[in-house]
Amino acid sequence: MSGVDLSLERLLFNLNTLAELGEEITSPKDFTRVVKSSLYMVMGTFSASKGIVFQYDQGDGLFTQIASKGLTDVRGAGLKIGKDAASAIIRNNKPVDLKSADPIIALLGPGREFLERLGARVLAFLIVKDELLGLIAISDKFSGEDYTLYDYQLLSVMGQHISFSLHSHTLLMRLMYRYNENKGLYENLRRIYYDTIHAFAAAIDAKDAYTKGHSHRVSSYSAAVAREMGWSADDIEGIRISGLLHDIGKIAVDKSIINKASPLTSNECKELNSHPVIGYEILSRIKFPWKGIPMMTRNHHEKVDGSGYPDRLKKHDIPMGARIMALVDAFDAMTTDRPYRPRLSFREAIDEVKDHYNRQFDPEVVRPFISVIRKEVLSEVENPTIVPLMHEHLDPVTLSRILEGFPH
Amino acid sequence: MAGRHRHRETGTSVVVYADNYINDIEGEKLEEMCDAFLAKGFKKIVIDFSGTDLVNSIGVSILIGIIEKIKGKGAVVFSGLKDVNFQIFHIVGLTRHIRVFNNEEDALKGSASCDGASL
Ligand SMILES: [Fe+2]
Chain B
602 MSGVDLSLER
612 LLFNLNTLAE
622 LGEEITSPKD
632 FTRVVKSSLY
642 MVMGTFSASK
652 GIVFQYDQGD
662 GLFTQIASKG
672 LTDVRGAGLK
682 IGKDAASAII
692 RNNKPVDLKS
702 ADPIIALLGP
712 GREFLERLGA
722 RVLAFLIVKD
732 ELLGLIAISD
742 KFSGEDYTLY
752 DYQLLSVMGQ
762 HISFSLHSHT
772 LLMRLMYRYN
782 ENKGLYENLR
792 RIYYDTIHAF
802 AAAIDAKDAY
812 TKGHSHRVSS
822 YSAAVAREMG
832 WSADDIEGIR
842 ISGLLHDIGK
852 IAVDKSIINK
862 ASPLTSNECK
872 ELNSHPVIGY
882 EILSRIKFPW
892 KGIPMMTRNH
902 HEKVDGSGYP
912 DRLKKHDIPM
922 GARIMALVDA
932 FDAMTTDRPY
942 RPRLSFREAI
952 DEVKDHYNRQ
962 FDPEVVRPFI
972 SVIRKEVLSE
982 VENPTIVPLM
992 HEHLDPVTLS
1002 RILEGFPH
Chain E
50 MAGRHRHRET
60 GTSVVVYADN
70 YINDIEGEKL
80 EEMCDAFLAK
90 GFKKIVIDFS
100 GTDLVNSIGV
110 SILIGIIEKI
120 KGKGAVVFSG
130 LKDVNFQIFH
140 IVGLTRHIRV
150 FNNEEDALKG
160 SASCDGASL
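As you go down the protein sequences, you meet chains B and E in turn. In terms of this note's numbering, the numbers along the first sequence are unbroken and rise by one, the last being 1009. In terms of this note's numbering, the numbers along the second sequence are unbroken and rise by one, the last being 168.
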């Protein structure tokens, strides 16, 4: 295993595949088709010319082939492992190199030779909740390159996706469909998306020393406001993801501009202001399972009076999600230190919001935003997201004084 | 089967248009289609991507399948790649094995045998 240059293009290609894989395995298409598509996605991701998926039967310890590509003959001796080997594989729970000295390989017994004959190189076991469900084996890369550490991690994530699909299928086969259990799995699946996108958002934030965690805050604040506005669970999830990715276009902006303490020249300003459009271009290439993410990103710097950028849209032409993000993005920028100024106090930030009410910020968004803050201060919500991140204590009396004169 | 997907025969070469069906497992039919063209005596297959928006991972695996399938039987070259698709082919290592031409005309003009360039 070796390191790899993680270019933006590679990340996007992989992120896109994860989104498609998620869509595929939650689709109502027939099981064999889903498994086949999933296998092709894994193979395309690593440019493997051969690949095979097996389903494992705990009863007799046999692996049965359920999909393959690039293999001429997969008949003959099969793959069989005992209970102890299965438990060791479950404990290990990560992809292994068939040519390595990994003790897991030794547990395969004659199965190792069988897999080698098929041309397998890397094995990812499909495991859900301490249960071995199957195995996906892929060949060396067509490009002749080695598998990298990143490849192993990505294969592991894809393997988890496919495991879920196998698991739900197995459950159905056993007529043991349990709603709650499956609901838990579904949440797990979303977690994988989050983990991948979070990692990606962290990379964006890392570029900007002063905005550590900015994307994460914009994400959770937006979700809180959307929830207050009565959005559906799916749409809330969408704006959460959008918040994480809203500044993705900054990847293309020179780091020295982002972190500059002195005022920007007009050219630098132009470059920085191009980030919503670049972000839009990047994200519109990804097939997300949520609606509106590219447009929310494009329009998160619009102002309701039409003086924002890049499209100078007026209130009703700005997607609601972008109006939410515009407010919480500005609010977070005000309440955290920036290269050119220290952070404002909560009162000063609220005064700014008041000053720009109905000019920069949409009243329809400001009202629920304020009501989220009020509920959080009054401890009326279970998981407060905004108030705990303010650097000062807010009690109901101080808050109502700060909010005085605020249009309800 | 060979008539199902958009293609154009010219001399000993044939241009196959990948369009967007390359991104679905059904696109695998292209593999047999290319194989059939070579069996009929065509020497070179140009896969043209000018009508393809974005090749996904399924598309990549299908292309690798095609290349493996016709290895040693004829030449395969690519044409009409949008920037984003060129980048994807670069990432997955396809550009290291396949000659890429700007458009199908250039691809047809390129040497008919393409000696090992296809592999
Ligand atoms: Fe921004």
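A hint or two may mislead.
[As the list claims (entries may be wrong)] In the DSS-like style, the derived pairs of lysine-lysine whose C-alpha atoms are separated by at most 25 Å in a straight line are:
#1 B/K955 with B/K915
#2 B/K695 with B/K630
#3 E/K78 with B/K742
#4 E/K122 with B/K742
#5 E/K120 with B/K813
#6 E/K92 with E/K122
#7 B/K955 with B/K976
#8 B/K955 with B/K892
#9 E/K118 with B/K630
#10 E/K78 with E/K131
#11 B/K892 with B/K871
#12 B/K730 with B/K742
#13 B/K856 with B/K892
#14 E/K89 with E/K131
#15 B/K684 with B/K630
#16 E/K158 with E/K131
#17 B/K742 with E/K120
#18 B/K742 with E/K158
Hints in this document: simulated from the structure, not taken from any laboratory.
Verification of the hints:
no.: 1; hint: B/K955 with B/K915; result: holds (19 Å)
no.: 2; hint: B/K695 with B/K630; result: violated (28 Å)
no.: 3; hint: E/K78 with B/K742; result: holds (23 Å)
no.: 4; hint: E/K122 with B/K742; result: holds (22 Å)
no.: 5; hint: E/K120 with B/K813; result: violated (51 Å)
no.: 6; hint: E/K92 with E/K122; result: holds (8 Å)
no.: 7; hint: B/K955 with B/K976; result: holds (19 Å)
no.: 8; hint: B/K955 with B/K892; result: violated (31 Å)
no.: 9; hint: E/K118 with B/K630; result: violated (28 Å)
no.: 10; hint: E/K78 with E/K131; result: holds (23 Å)
no.: 11; hint: B/K892 with B/K871; result: violated (29 Å)
no.: 12; hint: B/K730 with B/K742; result: violated (30 Å)
no.: 13; hint: B/K856 with B/K892; result: violated (30 Å)
no.: 14; hint: E/K89 with E/K131; result: violated (31 Å)
no.: 15; hint: B/K684 with B/K630; result: violated (33 Å)
no.: 16; hint: E/K158 with E/K131; result: holds (20 Å)
no.: 17; hint: B/K742 with E/K120; result: holds (16 Å)
no.: 18; hint: B/K742 with E/K158; result: violated (31 Å)
Checked against the numbered hints given earlier, the structure breaks hints 2, 5, 8, 9, 11, 12, 13, 14, 15 and 18 and satisfies all the rest.
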